[in-house]
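Visitor: Chain order of the listed sequences is G and P. The number in this note's numbering is simply the position in the first sequence, starting from 1, with 1 added. The number in this note's numbering is simply the position in the second sequence, starting from 1, with 1 added.
Rather than coming from a laboratory, the hints here were simulated on the basis of the structure. Don't be surprised by glycine CBs; every beta carbon is placed ideally from N, CA and C. Any given hint might turn out to be false.
[Unchecked claim] Partial selection, computed: residues in chain G whose CB lies under 10 Å from chain P:
1) M2
2) A3
3) Y5
4) V9
5) V19
6) I67
7) F228
8) L243
9) C244
10) L263
11) L264
12) L281
[What the hints assert, rightly or not] If we take Cβ atoms under 8 Å as the criterion, some of the chain G residues that face chain P in the derived model are:
13) G109
14) V111
15) P256
[Unchecked claim] Residues from chain P that keep clear of chain G, each with C-beta distances beyond 12 Å, as calculated:
16) V58
17) A62
18) D69
19) G98
20) K200
21) G225
22) D229
23) G245
24) P256
25) Y262
There are 2 protein chains.
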Amino acid sequence: MATYKRVVLASRPQGHVVPQNFRLEEVPVPALKEGELLVRNHYLSLDPYMRMRMEDVKSYAAPQAIGDTMVGGTVGEVVESKNPKFAAGDKVRGMFGWSEMGVSQGGGLVRLDTTDVPLSAYLGAVGMPGMTAWYGLTQINQPKEGETVVVSAASGAVGSVVGQLAKLRGCRAVGIAGGKEKCDYVVNELGFDACVDYKAGNLKENLAQATPDGIDGLFENVGGEIFDACLARMNPFGRVALCGMIAGYDGDPMPVYNMRYLLTMRLTLRGFIVSEHMDLWPQGLKELRELVAGGKLKFRESVAQGLEAAPEAFIGMLKGKNFGKQLVKLI
Amino acid sequence: MATYKRVVLASRPQGHVVPQNFRLEEVPVPALKEGELLVRNHYLSLDPYMRMRMEDVKSYAAPQAIGDTMVGGTVGEVVESKNPKFAAGDKVRGMFGWSEMGVSQGGGLVRLDTTDVPLSAYLGAVGMPGMTAWYGLTQINQPKEGETVVVSAASGAVGSVVGQLAKLRGCRAVGIAGGKEKCDYVVNELGFDACVDYKAGNLKENLAQATPDGIDGLFENVGGEIFDACLARMNPFGRVALCGMIAGYDGDPMPVYNMRYLLTMRLTLRGFIVSEHMDLWPQGLKELRELVAGGKLKFRESVAQGLEAAPEAFIGMLKGKNFGKQLVKLI
């Protein structure tokens, strides 16, 4: 009997995520019913939001149930179809989770055109992370030409797109990333105007040097100290897109001390989840797809090999060990 | 030679404000030039924003200069006029500061109708505090009928109006105030649905009981622990009007730990200064004036007697010792 592998949530993390929170299972490939199709996933996307799903707390999504397949976006190929809308060989994006295969009735599946955009990009710059960047920047930061946009986790799947889109809109784009290698990449490869290495010390001073005219749009992925440093540089009527607070996902206390700037600088801050704004995806994805196909939007991937490697890759990503979009290659 | 008294900033506070930060001066009443008018101030308004002006830090307004008259709103009567637009006897609101008299060329002065609204109310419910409440509630909180609005410093000049306007819009209005007497007043006199005494302990539990359906609109005047407790009760897509952070004005560290709710609940937070939205004052003041004249908007005043008492009254207000709008009667 044919089988495939999947990773389920074995237990909820007590603080930091550990490999024992996951369990690899081998399960039989089910026989398809009428209307169903079977997908062989080629890539799994690993994203910070998954960390929050592992907790049993009030959040924007129901927590991941113990014993269920870990949630996640995937791209792959239809291998068998009893659904008239899909044929074997179709490339599709779905939410099959940490799993080598998936069965679907077609709902929520998106057929992908890989003639000029690689399959994996549909999990990154032309997928949810790219749309997250596009939405936060265009709908919340709303930067005008000449303004300064700062983004934390700048070499990551979201941050890298934020800065490049800001540059294309005539802004000064400043990144914050951990380590010289990431910062060099952000400036030299992605074309940001500057990148501050938060691991180098002197975050406040270096950020001030990189933002001589202050910050008009802040795209926040990290929280904690980095967020505090940015708040103190905000210009009047600045806009903060609150996309993630990865620094606090493991339950570490993450006090913010500079809240007063939200008042004194009359800032607008908005937290958002891109999946709640599906009406804008066609518009955003069209721009992102054209930019990637035209070579004007660059991205980088960290690819772990095999589903077995997913837990370790995920834990590493939460610590900032990845460089660019974190994927798991499943085939 | 006729003289009048004024209070100037003698030194900047090192932490808490002390009486020595102020100096009472007696100065000659100047002779009027053509186009000028002389006002005898009847009431001086004391407001938390003045605390920030005493600091020499980046904020929305230039800091108060050492040796200058303390900034402040006043209402009074024109006693002499060489300006064709004003006559002796006119009641006016101006920004003459902590001063018994003031000379003006008429710019920024507003003539007041005291037939059905008392003069002092133009410094409170029908003045800047009332407009602050109106703006934050209607433009930022934007509560719908049946939603829950929470306001801190609920018995104060701003908070009392926020809750009453929310009730008039069909909302559940919940206050937070310090002490049983203030809370009783907020519920029994102002008609809020509930009021949480933050000095009684169990802030989190009591706030949860008072907001069984969570919080949709938060009008924040205090910051710190109270803000944290409210953040944890916010409903998805809630709106936070950030009006003041009085808990931190003396430079006490005021960490906020619950920032994550801004993300997980997809909240919108906006800091604001009502004087930057003068275009809406006519609309707001019209509503506030009609409500006060019709007895539908109640307010309470703490009145200190004489300019000499202003520093002590101001210091007391920063500690929450006032009950309702803090005024100084100058005549």
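Visitor: For each hint, tell me whether it holds in the structure or not.
Guide: Hint check:
1. The beta carbon of G/M2 is not positioned within 10 Å of any beta carbon in chain P (closest approach about 42 Å), and the interface hint is therefore violated.
2. The criterion of a C-beta within 10 Å of any C-beta in chain P is not met by G/A3, whose closest approach is roughly 40 Å, and the hint is violated.
3. With a cut of 10 Å, the hint placing G/Y5 at the interface with chain P is violated, because the nearest CB-to-CB distance is about 33 Å.
4. For G/V9, the shortest C-beta to C-beta distance to chain P is roughly 24 Å, which exceeds 10 Å, and the interface hint is violated.
5. Among the interface hints, the one on G/V19 is violated; its C-beta lies about 22 Å from the nearest C-beta in chain P, farther than the 10 Å criterion.
6. Look at G/I67: its Cβ only gets to about 21 Å from chain P, farther than 10 Å, so that hint breaks.
7. Of the supplied interface hints, the one on G/F228 holds, with its beta-carbon coming within about 8 Å of a beta-carbon of chain P, less than 10 Å.
8. Interface hint at G/L243: satisfied, since its Cβ lies 5 Å from the closest Cβ of chain P, which is below the 10 Å cut-off.
9. Below 10 Å, beta-carbon pairs count as interface contacts, and G/C244 has one with chain P at about 8 Å; its hint therefore holds.
10. Restraint check, G/L263 versus chain P: the minimum CB separation of about 5 Å is within 10 Å; hint holds.
11. Interface restraint check for G/L264: the shortest CB-CB distance to chain P comes to about 4 Å, inside 10 Å, so the restraint holds.
12. Checking G/L281 against chain P: minimum C-beta separation of about 15 Å lies over 10 Å; hint violated.
13. For G/G109, the interface hint is violated, since its Cβ never comes within 8 Å of a Cβ in chain P; the closest pair sits about 21 Å apart.
14. With 8 Å as the threshold, the beta carbon of G/V111 stays out of range of chain P, its nearest partner Cβ sitting at about 24 Å, so the hint is violated.
15. Checking G/P256 against chain P: minimum C-beta separation of about 3 Å stays under 8 Å; hint holds.
16. Listed as a non-interface residue, P/V58 fails to keep its Cβ farther than 12 Å from every Cβ of chain G; the least gap is roughly 8 Å.
17. With a minimum CB-CB distance of about 9 Å to chain G, P/A62 fails to clear the 12 Å threshold, and the non-interface call is violated.
18. Its beta-carbon lying about 20 Å from the closest one in chain G, P/D69 satisfies the requirement of being farther than 12 Å from that chain.
19. At roughly 21 Å from the closest C-beta of chain G, the C-beta of P/G98 stays outside 12 Å, upholding its exclusion from the interface.
20. In this structure P/K200 is separated from chain G by more than 12 Å, as the shortest Cβ-Cβ distance comes to about 22 Å.
21. A beta-carbon of chain G comes within 12 Å of the beta-carbon of P/G225; the shortest separation is about 9 Å.
22. Not every CB of chain G is more than 12 Å from the CB of P/D229 (nearest about 10 Å), against its label as outside the interface.
23. Not every Cβ of chain G is farther than 12 Å from the Cβ of P/G245; the closest lies at roughly 7 Å, contradicting the non-interface assignment.
24. Not every C-beta of chain G lies more than 12 Å from that of P/P256, the closest at about 3 Å, which undercuts listing it as non-interface.
25. Residue-level check failed: P/Y262 sits 8 Å from the nearest beta carbon of chain G, not beyond 12 Å.
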